[in-house]
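*Asks:* Can you make the complete structure from the sequences, with help from the hints?
There are 2 protein chains.
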Amino acid sequence: MNYNKISKEDLKELHKFIPDDERFITHPTEHWDHDQFKTVRAMPDLVIQPVTNEEVQNVVKYASDHHIPLTPRGNSTGLMGANLTIDGGISLDMVKMNKILEYDPDSLTMTVQAGIRLKDIQEFLADKPFVYMPAPAMHWATIGGNVNTNAGGLKAIKYGVTREHIRELKVVLTNGRLYKFGSKAVKSSSGYSIKDLIIGSEGTLGVVTEVMVRLYPKPKESINAIIPFPDLKHAIKSVPVILASGVVPTTVEFMGREVLNLWEKYANQEFPIKEGNGFIILGLDAFTKSEIQAELDQIIEETKKLDASDAIVLDADSDTAELIWKAREELLLAIQKSTPMMDEVDICVPINKIPIVLDRIEELEKEVGMRIPNFGHAGDGNLHIYLCSDSDSKEEFEKKGQKVISELYKTAKELDGNMSGEHGIGYARKDFYEDFYGEDYTELLRKVKELFDPNYVRKLCH
Amino acid sequence: MNYNKISKEDLKELHKFIPDDERFITHPTEHWDHDQFKTVRAMPDLVIQPVTNEEVQNVVKYASDHHIPLTPRGNSTGLMGANLTIDGGISLDMVKMNKILEYDPDSLTMTVQAGIRLKDIQEFLADKPFVYMPAPAMHWATIGGNVNTNAGGLKAIKYGVTREHIRELKVVLTNGRLYKFGSKAVKSSSGYSIKDLIIGSEGTLGVVTEVMVRLYPKPKESINAIIPFPDLKHAIKSVPVILASGVVPTTVEFMGREVLNLWEKYANQEFPIKEGNGFIILGLDAFTKSEIQAELDQIIEETKKLDASDAIVLDADSDTAELIWKAREELLLAIQKSTPMMDEVDICVPINKIPIVLDRIEELEKEVGMRIPNFGHAGDGNLHIYLCSDSDSKEEFEKKGQKVISELYKTAKELDGNMSGEHGIGYARKDFYEDFYGEDYTELLRKVKELFDPNYVRKLCH
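One line per chain: the protein sequences are B and E, in this order.
Numbering-wise (the numbering used here), the first sequence opens with residue 7 and increments by one.
Numbering-wise (the numbering used here), the second sequence opens with residue 7 and increments by one.
What the hints contain is simulated information worked out from the structure, not anything from laboratory work.
Beta carbons: idealized from backbone N, C-alpha and C, even for Gly.
Incorrect hints may appear among the rest.
[What the hints assert, rightly or not] Chain E residues, not near chain B, derived (Cβ > 12 Å throughout): (1) MET49; (2) ASN181; (3) TYR222; (4) LYS226; (5) ALA250; (6) SER315.
[To be verified] Here are the simulated DMTMM-like pairs of lysine to aspartate or glutamate, each with C-alpha atoms no more than 20 Å apart in a straight line: (7) LYS419(E) x GLU350(E); (8) LYS239(B) x ASP112(E); (9) LYS311(E) x ASP112(B); (10) LYS453(B) x GLU456(E); (11) LYS311(B) x GLU440(E); (12) LYS164(E) x ASP441(B); (13) LYS186(E) x ASP441(B); (14) LYS186(B) x GLU440(E).
[As the list claims (entries may be wrong)] Covered by chain B, per the in silico footprint, the following chain E stretches (three or more residues, Cβ under 8 Å): (15) 252-261; (16) 374-381; (17) 432-446.
*Replies:* Laid out in structure tokens, this is it:
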């Protein structure tokens with residue numbers, strides 16, 4: 007694509023659409039040149055912070071007509087660089103479109119502007135009988151960002167991912183028109199689901215401006231528990247066994263002794279459970295306490311067959327429970343602090359294939375000479391695998407990293423998995439896409455892209 | 007579109023792909039000229055029953071290259087005529103692609119050919135710890151047909167519709183190539199979800215040949231119960247109230263005294279509940295009996311506020327329960343037998359807007375002079391509304407029907423609902439589509455269609 011630089015004339019015209027100076031930033035600071043991971047960096051020429059659909063429509067159409075690249079952006083909690091203006095141009099920063107437009111409990115929906123944060127939605131719903139069920143860890147992410155990555159989170163095994171909780175989207179396409187995809191009704195068999203095409207598209211098909219989410223009845227009772235196993239493989243094998251017993255947990259997370267050792271160094275505290283080297287943390291919810299107890303009893307019975315120790319309930323008001331929670335929450339931080347540079351792969355594989363990936367990671371640690379700690383969602387096969395530079399130079403780290411990333415993708419592909427479970431492709435992983443999904447498939451996606459955005463106002467991630 | 011008639015040369019070439027005479031039917035009988043509802047009728051010139059992906063690929067590519075229309079077809083339980091060869095050509099009858107390809111409980115998936123019936127999947131899973139959760143009433147429908155209409159069924163409120171239970175599809179596009187959309191992994195944030203574009207596309211984007219479904223742990227306990235209310239509106243109002251109390255039923259169906267009167271005539275039996283004129287039938291499932299009892303107690307408490315009588319549990323081994331079930335199952339049959347001709351609208355509206363639709367139906371009965379019995383899914387806002395000809399001539403019935411259909415669509419549109427919750431648009435409703443969804447939106451869908459099927463081998467439904 008040949009893009010035009012923003013001219014003085016463009017600035018003058020664009021400023022007419024966004025009259026407030028503080029929302030029309032011609033000299034962006036480094037706040038806008040990176041995301042959470044900083045593996046991709048790019049400074050926009052202009053930052054625009056719209057507050058209405060009309061402003062978005064005007065800016066997007068102008069950019070498209072004048073071949074100026076434009077990249078929408080949320081609260082920048084992404085990891086793969088999808089929100090960066092890698093060809094310069096306009097960063098369309100959505101964080102000021104953060105209003106709640108409607109709370110409609112009788113239809114079980116709530117409508118918000120795309121730039122609102124998950125935590126604001128949660129706070130609004132705190133005293134209501136409903137929740138927005140998806141629970142990505144980054145609760146300061148925007149809902150628009152969550153839609154664009156089809157964010158997963160901790161409760162996917164029981165309640166599904168973002169996709170299952172979106173009823174309707176308002177989207178500005180590059181022709182400048184505002185479209186409504188989906189509806190307030192629960193079901194549809196009424197033509198192609200463009201809504202589902204937008205979800206997970208990383209902002210490359212249009213700009214999501216409004217999101218109608220599904221409200222879910224707040225579970226009356228819930229608990230979390232941790233179960234120690236002899237090793238991580240036993241821990242992970244427990245998932246299909248638990249499910250076959252008829253219990254559907256909200257959450258099944260796994261973590262091994264190795265990452266907990268990192269946490270002990272980081273926190274300068276001892277992890278309170280000494281037995282076992284592999285752990286699952288699981289969540290259960292129900293209408294009554296007795297249901298949860300019966301489910302937990304069943305889980306204990308099943309996991310005993312895999313040499314597990316007794317489950318420790320984490321909601322008990324004890325120092326031990328508090329410390330285990332602290333460890334779980336600080337895991338990523340502990341890994342991050344253990345190395346000067348870091349990268350991440352979040353492949354998703356069939357749930358019973360996680361052990362094969364763990365074996366491959368161990369092999370790669372030796373083959374490539376890199377420390378690769380990991381943890382993840384045992385309940386849905388999504389691993390978070392961290393590549394640590396340790397004492398390697400930037401150049402060495404990048405070279406080794408490319409090898410590890412491409413090998414892990416090869417493994418995921420062989421297992422009929424996906425490149426990313428919840429973080430997206432972004433510009434950080436763009437070059438691996440066609441190898442993974444094949445030329446035919448990638449070409450089909452490119453055609454879809456061109457149908458929505460013929461001028462490539464927003465550069466594609468694959 | 008200008009299509010070619012099938013020539014002798016075409017027959018010779020196509021027969022090479024399908025060597026068995028019994029699967030290459032050059033003189034189709036009336037078996038192939040209609041669906042369940044018979045509102046659209048069209049006789050194909052040729053019926054082909056493929057058994058492999060390769061056969062589908064060869065036939066589809068030949069048809070596309072030679073501008074011969076081709077329409078895929080399942081077990082013909084559709085109501086809107088989407089599987090009929092309205093321009094003649096080839097009926098690609100998928101019912102012989104009916105094999106189970108893989109049962110993989112450890113990854114919670116099962117892979118089947120598209121022509122297998124739901125009942126065959128259910129029978130295969132009968133002694134396993136897992137189920138395929140969606141529960142459309144027509145259990146002799148094929149899974150391929152279910153994918154193509156995004157079939158709903160009775161359990162959408164708790165477990166979602168077909169879309170939420172499909173992991174991977176194999177689809178032959180009109181270029182003759184076989185594509186894999188989705189994967190065995192639970193989550194994906196890896197490019198546009200073409201799988202979700204195919205689901206609900208009524209066979210207009212390609213031919214689905216293989217379906218990998220999600221297996222769900224079989225609930226240990228479940229019950230059904232019926233609750234009588236003074237009238238239908240009170241019954242329907244109970245749904246948001248029940249949900250706000252924290253209980254999520256699997257099913258909430260509604261039916262009024264009017265349709266039950268029809269059933270009494272049809273069955274020549276008395277409906278055993280004399281009190282109340284509006285009823286909901288609800289399903290509950292859980293891990294323990296005590297959870298279900300607690301949920302039911304809560305529901306009774308909530309519905310009492312809406313003047314409901316006590317819930318009657320239907321699984322009890324009593325004559326009353328048996329008779330109520332019989333009535334529920336024979337409802338459609340009873341309506342069908344009450345009139346010489348019938349048509350149906352299955353709009354889906356926000357769950358709290360069902361009463362508005364019921365009011366509009368009552369008005370229309372008077373305005374147009376037509377009997378319009380109905381029942382449906384209170385839990386997801388999907389109504390099944392039956393237009394009865396009674397003593398009207400075919401011509402009169404069609405004229406009145408067009409009026410009622412267009413008025414009901416107008417109402418659904420005003421309420422931010424959908425034209426169809428689960429039956430699709432088909433050729434029976436094609437002409438109403440653009441009015442409902444607008445020119446811009448419909449044009450976008452047409453462009454998507456042309457990207458997948460540039461020669462319109464399969465005529466579009468909108």
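*Asks:* Please go over all the hints and tell whether each is borne out by the structure.
*Replies:* Hints and how they fare:
1. MET49: At roughly 26 Å from the nearest Cβ of chain B, MET49(E) sits farther out than 12 Å, so the non-interface label holds.
2. ASN181: Answer for ASN181(E): violated, closest chain B Cβ roughly 9 Å.
3. TYR222: 8 Å, violated
4. LYS226: 5 Å, violated
5. ALA250: 5 Å, violated
6. SER315: Non-interface label on SER315(E) holds, nearest chain B Cβ at 23 Å vs cutoff 12 Å.
7. LYS419(E) x GLU350(E): 17 Å, holds
8. LYS239(B) x ASP112(E): 14 Å, holds
9. LYS311(E) x ASP112(B): Roughly 16 Å separates the two Cα atoms, so the pair holds.
10. LYS453(B) x GLU456(E): 11 Å, holds
11. LYS311(B) x GLU440(E): 59 Å, violated
12. LYS164(E) x ASP441(B): 38 Å, violated
13. LYS186(E) x ASP441(B): 15 Å, holds
14. LYS186(B) x GLU440(E): OK: LYS186(B) and GLU440(E) at ~14 Å, within 20 Å.
15. 252-261: holds (count 3)
16. 374-381: violated (count 0)
17. 432-446: holds (count 4)
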